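Number of protein chains: 2
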Amino acid sequence: MTKDKNDAPQNPTACLIIIGNEVLSGRTQDANLAYLAQGLNDVGVRLAEARVIPDVEAIIVKTLNQCRKAHTYVFTTGGIGATHDDITAEAVAKAFGRPLLCDARAVKALEEHYGDRLNDARLKMAEMPEGAELIDNPVSHAPGFHIGNVYVFAGVPKIMQAMFDGVKHTLKGGAVWRARSLSTDLTEGVIAGEMALLQDDHKDVEIGSYPHFKDGRLGVALVVRGADAGAIDETVAALEAMVRAHDGAVFEDPP
Amino acid sequence: MTKDKNDAPQNPTACLIIIGNEVLSGRTQDANLAYLAQGLNDVGVRLAEARVIPDVEAIIVKTLNQCRKAHTYVFTTGGIGATHDDITAEAVAKAFGRPLLCDARAVKALEEHYGDRLNDARLKMAEMPEGAELIDNPVSHAPGFHIGNVYVFAGVPKIMQAMFDGVKHTLKGGAVWRARSLSTDLTEGVIAGEMALLQDDHKDVEIGSYPHFKDGRLGVALVVRGADAGAIDETVAALEAMVRAHDGAVFEDPP
Chain A
1 MTKDKNDAPQ
11 NPTACLIIIG
21 NEVLSGRTQD
31 ANLAYLAQGL
41 NDVGVRLAEA
51 RVIPDVEAII
61 VKTLNQCRKA
71 HTYVFTTGGI
81 GATHDDITAE
91 AVAKAFGRPL
101 LCDARAVKAL
111 EEHYGDRLND
121 ARLKMAEMPE
131 GAELIDNPVS
141 HAPGFHIGNV
151 YVFAGVPKIM
161 QAMFDGVKHT
171 LKGGAVWRAR
181 SLSTDLTEGV
191 IAGEMALLQD
201 DHKDVEIGSY
211 PHFKDGRLGV
221 ALVVRGADAG
231 AIDETVAALE
241 AMVRAHDGAV
251 FEDPP
Chain B
1 MTKDKNDAPQ
11 NPTACLIIIG
21 NEVLSGRTQD
31 ANLAYLAQGL
41 NDVGVRLAEA
51 RVIPDVEAII
61 VKTLNQCRKA
71 HTYVFTTGGI
81 GATHDDITAE
91 AVAKAFGRPL
101 LCDARAVKAL
111 EEHYGDRLND
121 ARLKMAEMPE
131 GAELIDNPVS
141 HAPGFHIGNV
151 YVFAGVPKIM
161 QAMFDGVKHT
171 LKGGAVWRAR
181 SLSTDLTEGV
191 IAGEMALLQD
201 DHKDVEIGSY
211 PHFKDGRLGV
221 ALVVRGADAG
231 AIDETVAALE
241 AMVRAHDGAV
251 FEDPP
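First to last, the protein sequences are chains A and B.
Residue numbering for the first sequence follows UniProt numbering, starting at 1 and increasing by one per position.
Residue numbering for the second sequence follows UniProt numbering, starting at 1 and increasing by one per position.
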C-alpha cells in the first residue's frame with residue numbers, strides 16, 4: 001500500500017464498535033465486520049477501524065465519543081436486547097448527553113408484533129436516546145436506531161444485516177473502491193522485490209499481499225484495490241505477468 | 001454482567017491489535033481473536049479489547065502506544081511478512097523508540113530454512129526492534145518477536161496459533177475463568193426479568209444472554225462465567241430450573 005493514500009483518504013470513513021463479552025471471551029465468532037465492510041465498499045465508505053469492547057457502560061461511552069469524532073459514520077453491534085446485560089442504548093444516550101426515552105413508534109412496533117405478550121422486559125427494547133431515528137427490524141421487530149452519525153444495530157447477524165441493508169443507501173459515500181485479486185503458489189519472498197517496484201509504478205492503486213497456508217504449503221493472494229477500474233486491470237495484468245515469469249501458477253480466485 | 005466486576009477486574013488484561021487492510025476491506029475473516037481469547041482464558045488473562053486497524057504506520061504506532069499502557073499484554077497479528085505492505089516490525093520499533101535491526105538469531109533461522117534461496121526480501125523478516133526476543137515459528141520459520149509487553153505474531157492463523165502456543169505458558173495470569181452454558185428455545189423477553197434477579201442473587205458470576213436465530217426462530221444461549229466452579233454450577237442449575245418453569249426446552253450445548 002502507498003502510505004500517502006491512506007494518510008489522506010478521499011472517502012468518508014467508518015468505525016465498527018462490536019459490543020460484547022461473548023466475542024471477547026472467544027465463545028462467539030463475529031460475523032458482522034465482513035458484511036458491513038463489503039456493504040460499505042459498495043457505497044463508497046471505507047471501514048477504517050473496528051473495535052471489540054466489553055459490555056461495560058463507561059467503556060462504551062468513552063469509545064463512542066472517541067470514534068464518532070474521528071469518523072464520518074459509527075456502527076455498533078450488540079447489546080440492544082431485553083436482558084440485564086443489554087446496555088448499549090443507555091450508553092449511547094449518555095455519550096450524547098440525552099435522556100433515554102421509551103420511544104412511542106418503537107412501542108407501537110413491539111405492540112403490533114407481541115400483542116398481549118408485550119411485557120416490561122420487551123418494552124426495554126423500545127428505549128433509545130431522545131431524538132433518535134428508528135432503524136427497521138424486519139426479522140424480530142425490535143428496532144435499532146441512529147442518532148447523529150451513530151447507527152445502533154443488533155448483534156445477531158441476520159438481524160444486523162437486515163438493519164444495515166435498510167440504511168445502507170442513505171449513507172453519503174465517495175468514489176466506490178473495487179478490488180481484483182489473483183492467487184499463486186509462489187511465496188512472498190520470491191516476488192516481494194518486484195511487487196514493491198510494481199506498487200511504485202502504479203500509485204493509483206493499492207497492492208496487498210496476503211499469504212495463506214493451504215494443503216501444507218504457503219502461497220499468496222495478491223489483491224489490487226482502487227477507484228479506477230482501468231488502473232486495477234492494468235496492475236493485475238502486470239502482477240500476473242510477473243508471477244508467470246517466475247514459473248508460478250496463477251489462480252483467478254483467491255482461496 | 002455485574003458492572004463492578006468489570007470495572008475492577010482482578011485478572012491481568014490483554015488487547016489484540018489486528019493489523020490488516022484485508023480484514024477491514026471484508027476480504028478476509030479474522031480467525032485469530034477467538035483462538036487467542038480462549039487460550040488466554042486458560043491461563044487467567046482476560047482479553048479486554050481488540051482493535052482492527054489498517055496497514056498505516058502512524059495508526060499502528062499510536063494504537064500500540066495507547067494499548068500497551070492500558071493493558072498487561074498486547075498481541076498483534078499481521079504485517080510481518082516479506083512484502084512492501086508488511087510494516088508492523090518497523091512500527092513497533094518506532095512505538096518503542098528503538099532502532100530496527102536485522103536480528104542475527106533470526107537471520108540464522110532463515111538461513112537454515114532457505115539456504116541459497118535467502119534473498120533481501122526474506123531477510124526483511126529478520127528485522128525487529130533492538131532488544132526484542134524471538135518467538136519461534138515452527139510452521140514457516142520467520143520468527144515473531146516480543147518486546148516489553150507487546151507480542152508480535154504473523155496473521156496466517158496456523159502460524160499465529162503456533163506462535164501463541166509457544167509463549168502462552170510464559171504469561172502471568174490470575175484466576176482461571178471458566179464458563180458453562182445452556183441454550184433454550186425461549187426468547188429473552190420471556191426470561192429477562194427473572195434472569196436479572198438471578199444475576200443479583202449470584203454476584204460471583206457473570207450471566208450473559210446471547211440470542212441466536214436458528215431454523216427461522218429466535219432462541220437464546222445463557223452463559224455463566226466466573227472463577228468459582230461451584231458458583232457457576234449453582235447458577236446454571238438455577239437458570240435451568242427457571243427455563244423449565246416456563247416450559248422451555250433446555251439444550252446443554254449452545255448452538
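Some clues are possibly wrong.
Which copy? The list can't say, so a pair holds if one copy fits it or any two copies do.
[To be verified] Straight-line C-alpha distance at most 30 Å; calculated BS3-like pairs for lysine-lysine: (1) 62 <-> 94; (2) 62 <-> 214; (3) 203 <-> 158; (4) 172 <-> 214; (5) 108 <-> 69; (6) 94 <-> 172; (7) 203 <-> 108; (8) 214 <-> 69; (9) 214 <-> 94; (10) 62 <-> 172; (11) 94 <-> 69; (12) 108 <-> 214; (13) 168 <-> 214.
Because the hints were derived from the structure by calculation, they are not lab data.
The structure presented is a predicted model; accordingly, all values stated were derived computationally and were not measured.
Comparing the hints with the structure gives:
1. 62 <-> 94: both (10 Å within a copy, 27 Å between copies)
2. 62 <-> 214: neither (41 Å within a copy, 34 Å between copies)
3. 203 <-> 158: neither (38 Å within a copy, 32 Å between copies)
4. 172 <-> 214: neither (39 Å within a copy, 34 Å between copies)
5. 108 <-> 69: neither (33 Å within a copy, 47 Å between copies)
6. 94 <-> 172: within (26 Å within a copy, 36 Å between copies)
7. 203 <-> 108: Result: close neither inside a copy nor across copies, 53 Å intra and 35 Å inter.
8. 214 <-> 69: neither (41 Å within a copy, 37 Å between copies)
9. 214 <-> 94: neither (48 Å within a copy, 34 Å between copies)
10. 62 <-> 172: both (26 Å within a copy, 28 Å between copies)
11. 94 <-> 69: Both: 15 Å inside a chain and 26 Å across chains, each within 30 Å.
12. 108 <-> 214: between (52 Å within a copy, 26 Å between copies)
13. 168 <-> 214: So residue 168 and residue 214 pass the 30 Å test across copies only (25 Å; inside, 35 Å).
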